[in-house]
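**Q** So the protein lines, in turn, are chains D and E. Using our numbering, count along the first sequence one by one with no gaps and you end on 304. Using our numbering, count along the second sequence one by one with no gaps and you end on 441.
A hint or two may mislead.
Only pairs whose alpha carbons sit at most 20 Å apart, straight line, appear in this in silico SDA-like list of lysine to any residue [to be verified]:
no.	chain 1	residue 1	chain 2	residue 2
1	D	Lys158	E	Ala405
2	D	Lys158	E	Pro406
3	D	Lys158	E	Ser404
4	D	Lys158	E	Gln409
5	D	Lys68	D	Asn86
6	D	Lys158	E	Gln407
7	E	Lys22	E	Leu71
8	D	Lys232	D	Pro137
To be clear, the hints were calculated from the coordinates, so they are not data collected in a lab.
So the chains spell out like this:
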Amino acid sequence: MGISAEMVHCFANAPYESLVTDKNFNFNAQEHGGRYPPYRRGMINENSDIILSVRDLRASVDGTEIIKGLNLEVRAGEIHAIMGLNGSGKSTFSKVLVGHPDYEVTAGEIHFKGQNILELEPHDRATSGIFLAFQYPLEIPGVSNRDFLRVAFNAHRKARGEEEIDVFDFDDLIEEKLDVVKMDASFLDRSVNEGFSGGEKKRNEILQMALLEPVLAILDETDSGLDIDALKTVAGGVNQLSTPDNAVVLITHYQRLLDYIVPDYVHVMADGRIITTGGKDLAKQLESRGYEWVLEEFRTGVTA
Amino acid sequence: MASSVSDVSVLATADQRDAYLKGLVQAVKAAVPGDLGLGGMRSRAEALLNEQAFPSTRDEDWRFTDLSAMLSIEFAVAGESAVDEAAIADLRLPETAGAQIVVVNGRVSTALSRIENLPPEAVVGSLGSSPDLSAKLGERLAQASGSHEVFTALNTVGFQDAVVIWLPRNVVVETPIQIIYVSRLQGNPAIVQPRCLVVAESGSAATLVEDFWGNSADSQFTNSVSELWLDANAQVSHSRIQREGAGTFHIGKTVVTQARDSQYVGTAVDFGAKLARHNWEIYQTGEQTTTKLYGLGAIANTQHADTHSLVALSHPHGTVEQEHKAIVDGKAHSVFNGRMAVAQKAQLTSASQLNRNLLLSDKARVDTKPQLEIVADNVKCAHGATVSQLQADEIFYLQSRGISAPQAQRLLIYAFAMEILETVSVATLRSRLAALISQWT
Chain D
1 MGISAEMVHC
11 FANAPYESLV
21 TDKNFNFNAQ
31 EHGGRYPPYR
41 RGMINENSDI
51 ILSVRDLRAS
61 VDGTEIIKGL
71 NLEVRAGEIH
81 AIMGLNGSGK
91 STFSKVLVGH
101 PDYEVTAGEI
111 HFKGQNILEL
121 EPHDRATSGI
131 FLAFQYPLEI
141 PGVSNRDFLR
151 VAFNAHRKAR
161 GEEEIDVFDF
171 DDLIEEKLDV
181 VKMDASFLDR
191 SVNEGFSGGE
201 KKRNEILQMA
211 LLEPVLAILD
221 ETDSGLDIDA
231 LKTVAGGVNQ
241 LSTPDNAVVL
251 ITHYQRLLDY
261 IVPDYVHVMA
271 DGRIITTGGK
281 DLAKQLESRG
291 YEWVLEEFRT
301 GVTA
Chain E
1 MASSVSDVSV
11 LATADQRDAY
21 LKGLVQAVKA
31 AVPGDLGLGG
41 MRSRAEALLN
51 EQAFPSTRDE
61 DWRFTDLSAM
71 LSIEFAVAGE
81 SAVDEAAIAD
91 LRLPETAGAQ
101 IVVVNGRVST
111 ALSRIENLPP
121 EAVVGSLGSS
131 PDLSAKLGER
141 LAQASGSHEV
151 FTALNTVGFQ
161 DAVVIWLPRN
171 VVVETPIQII
181 YVSRLQGNPA
191 IVQPRCLVVA
201 ESGSAATLVE
211 DFWGNSADSQ
221 FTNSVSELWL
231 DANAQVSHSR
241 IQREGAGTFH
251 IGKTVVTQAR
261 DSQYVGTAVD
271 FGAKLARHNW
281 EIYQTGEQTT
291 TKLYGLGAIA
301 NTQHADTHSL
311 VALSHPHGTV
321 EQEHKAIVDG
331 KAHSVFNGRM
341 AVAQKAQLTS
351 ASQLNRNLLL
361 SDKARVDTKP
371 QLEIVADNVK
381 CAHGATVSQL
391 QADEIFYLQS
401 RGISAPQAQR
411 LLIYAFAMEI
421 LETVSVATLR
431 SRLAALISQW
441 T
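Please model the complete structure; the sequences and the hints are all you need to start from.
**A** Structure, rendered in structure tokens:
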């Protein structure tokens, strides 16, 4: 199956309802200014600021194109889920957003809070408010979690033109943040992620999110491999950190996470682009029916 | 095989090396002070030297450390010289106040040394000022295993003075003792031969800091020997810091003889010198000894740092833990050879050795060789060596948290080094070394 660039472009500019494949989603977008309804929790505000705008994004790794014309718009207060099969480009997209050097953007634009960020270094993207919770958080032997968090926090303060915080004030602050993810203070004095269990590493990611207070948090398969208790803790942390002024993009394989963090939009990715978008029920359908029907509808929709 | 041309050049330098060593022996011998009464010991060392040659890279022990650059330099024994307090004030550690010995050009400076804070039973000072020990000295000074080695013997033939630290039975010295070795040269290339003897009698305990310091780019040859004797149940914590000037060839020997139940914890740090070689030898003379050796080298440009360690175990229930790390930048070259000899009688030995190397440039070089010689059959011995660069994914992880790439690199280098520097027991020294590392790149 091939889709030309023009078609993708066309697709991106189509009214939202034409993308909706969620059969239980009876909503006339025309009555609501062409945007989704306050579907779940009233966080959606069509007048809120656009935080992330991705247009016709194409990206390659080692000359192989992985992202093939991706469009996405995220407004303040929204929670988006991106689902898709392995190899659909979900994780690559998250890495491109934060500027991983292995990925080359060959076309398209990424605007964050109205600013083109493609030329920004990863650390500048971070201090401007983009945060990625890694699928596989790195272990950094010899760097204590406490030092790492303080250096990162101070890098953010410095970027905002604020004074660096001293060790003692930082300790007070971080103790507070530990509650968000129900982490024991002893984790602060261990090397970053070294010897942490899978769940502890993921909680440590959310702790960093709690500390750095990003405007846009991207969670790359944060739920993979978590037991239910850890999942609830992580999800609880994310919910606690959601405000009308920030936004979350959840990348996941599984619907289960979305029982705890209810998304406003669910996007399905395939072959390097978003092929359909729906509400939270779309995730449930994907869980029960798999992806094949979505891919099929997309194919017929395109060929029709 | 090598070509005939290079064989000829090796032969040519063999003669040259012989002559060079003889010249060094004559130079240091001529400058020996007559009043130490060590004639017999010195002539035995000289006889040993007559049987040996100045090392070349054809010697297995010197395969990766080429001393031929020394052959064109004629070193004369550094004369007596005075150093201003201002020059060394920054080296004094607050924790060692009143327990500081300053050695200038291989001679203990009474003007600069301050030892008022030590227990009266302990004998701390220079060899010449410790007459009541003279009867006991003969059993210890230059008596450790390995004394025949060429540079050790050269030191024995010609050292000008020695620092003596003698702790009688059960004396516990709370104040860490610091030895500061500095040089003040008069322009010509000079050889300086510091010598130190530490005897911790049974049940005694002390912390020792040896700081070899220099800031001159002039040619210098430091040939140091420190002998440490830990009698039964003695405990010594030892930090050896080498930060000599950029023109210095530093060849240092630390030899530790451990009697039963003794504990030795040593941390050796190499930051300085043009070429540095540390021979670190531990000889066990009784059972259930504990030995911990930590090493860190951080070198750049064209520096060369070589650590050759030997732990010789000949009694049961010994425990050895060794970790040596090197950070190598520019065109620098780091060498580690860690030998552990576990004899038949050393059953139930538990030994581990780890060598980790961080290469910061494409031109940097590391040669590492664990050398386990295990005859005993009921022992646990583990060893490992790694050579790596800074991990791009670790740097990216830090960048994704707002930390710039250069800052991320410094953080990772710092972390790598701190695992060793944490073992330095004197807090101010530890933090000063940490500060040096954090400014290092």
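**Q** Against the earlier hints, flag every one the structure doesn't satisfy and list their numbers going up.
**A** none
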